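The lines below spell out each chain.
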Amino acid sequence: MGLSYEESKKVVVKGLILLGVVTVVEVIIALFGNGHIVEGLRLSRWIMYPLMIGLSMYKAYFIVYEFMHMRYEVKGLAMSVLLPTLLLVWAIIAFFQEGNSWNERRQQILDKNKKEIGYLAPPDIPVKEIGRI
Amino acid sequence: MASDTALHEEEVLSGQDAWSGGKRPFKASYGKLMMWYFLLSDAFTFAGFLIAYGAMRFSMPTWPVPDFVFSTAPFGIHDAPLIFVTFMTFVLIVSSVTMVRAVQEGHRENKRGVIYWMFLTILGGATFLGCQAWEWTTLIKGEGVTVTKNPFSNHFESGVYLSGDDLKQAGFIEKEIDHGHHGDAHAHDDHGHDDHAHGEEGAHHANTHYYLRPGAIDIPENRYYAKMDHYGKSFAGEAFESNTPYLITYHHNTGSYEYGAYKSDGDGQIRKEEYGPKAFGALFFFITGFHGFHVLSGVAFLLIIMVNVASGLYVKRKNGYEMVEKIGLYWHFVDLVWVFVFLVFYLL
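Quick mapping for you: the protein sequence lines, in order, are chains V and H.
Just so you know, we're using our numbering here: the first sequence kicks off at 7 and counts up by one.
Just so you know, we're using our numbering here: the second sequence kicks off at 775 and counts up by one.
Source of the hints: derived by calculation from the structure; they are not laboratory data.
These numbers come from a predicted model, not from an experiment.
Please note that the accuracy of each hint is not assured.
[Unchecked claim] Facing chain V, a subset of chain H residues (Cβ under 7 angstroms, in silico):
hint : residue
1    : PHE800
2    : LYS801
3    : ALA802
4    : MET808
5    : TRP810
6    : ALA821
7    : PRO855
8    : LEU856
9    : PHE858
10   : THR863
11   : ILE867
12   : VAL871
13   : VAL874
14   : ARG875
15   : GLN878
16   : LEU1121
[To be verified] Derived list of chain V stretches under chain H, where covered just means 3 residues or more per stretch with a C-beta under 8 angstroms from a C-beta of chain H:
hint : segment
17   : 24-31
18   : 49-60
19   : 74-81
20   : 88-100
21   : 108-120
[Claimed, not checked] Once the Cα atoms are required to be at most 30 angstroms apart in a straight line, the calculated DSSO-like pairs of lysine-lysine come out as:
hint : chain 1 : residue 1 : chain 2 : residue 2
22   : V       : LYS15     : H       : LYS1092
23   : H       : LYS1100   : H       : LYS1090
24   : H       : LYS797    : H       : LYS885
25   : V       : LYS15     : H       : LYS923
26   : H       : LYS915    : H       : LYS1046
27   : H       : LYS923    : V       : LYS118
28   : H       : LYS1092   : V       : LYS81
29   : V       : LYS121    : H       : LYS1046
30   : H       : LYS1100   : V       : LYS16
31   : H       : LYS885    : V       : LYS16
32   : H       : LYS1090   : V       : LYS20
33   : V       : LYS120    : H       : LYS923
Glycine included, each C-beta is placed from N, C-alpha and C at the ideal position.
I would like the entire structure built from these sequences, with the hints used as guidance.
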């Protein structure tokens, strides 16, 4: 513990207010952006999503560093736990890209199925009668 | 040889040798360090599930809109988007805060304080689980979402909902069966949604099956229904834009979800609402269930450790109630995961 008892009690109150306010702000962004607060007014996803993701990352940082005391641990411990999570950055990019690709492929197949295809007999090859079995 | 051995013994005695014990890597105890690494591996498990959710969502042309799906709360409240789940988030935050207080009292070797704050934490965890049980029940029984079925979706074109009379006029009705008793539709009418009219017509639609003339249009199922929600509100004549979220038509007689009919603005054809992507229900129940299971086991461990605290077990250990600190790490992690579950399922 790097803090005195009184100081750490203050951190707790600060944490409660901070996490509560950030959560309320996130929900307000979601409701406002989807037109629930002001009728007919919507925000672009490109504004809403980065804001909400950023605020959630801040909440996560606060929980790990203050509530879980990562700030007061030895740097080696912090790095051995935090650095491996960076691998997830690539997992997110790769799998979201993959998911998007499934969607595009499916759409491509649906579009192609709609196209009308005429049949052309191959030239110079006599077409034989096919008998019924 | 002899001098080497002597040197080695000297190292052991002076505690210089790394293998002689008494050294703490990262200045943390074994238990605490291993709790951190367990949480790291658990974080990867949750990340795998949430990334799977993201990949599935990216792969679908439509996806249920969270502020439409999660808009009910207890005491008959509906059309209140995200309010109940925000309350659940607060419960978890508060229980995380009381856990920090329990750990702090542990550092002061204050047994009564530890028990008091741990008890509040357990209450918070149990409240969260109760809320989740209510949320699941509403989704499964009230709104028909299951692991294999998802009645929530978005319109892919604009159109107008049709009434039973519209369907008759269009010649799509083969026969009509009026069930007569109006009990079910009116049972839901007391919840104070006064902006919707519930005249004779509403009750009429709620109790009538409409059968489609076979082969009339290119719909595989030969029956469909006038649009109605599970509160008894009739949508007949109401227009909607493309991308508007909807919950599939609820039929009060059969108590099941059916295909509601609408007229497309584009080509004027009569079509039915479709089910939404199946993966939504499976992912929702699996991921929030896995988190709920973490909360449940957290509450169980908190109870065990609280009993141990009360019995004075950790007083004898004289390590500042380190066990409370370890379960505290786990409990904060459960809150941490909820931050991301909340973001992914309810906000985005």
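Mind listing which of the numbered hints don't hold for this structure, in increasing order?
-> 4, 9, 25 and 32
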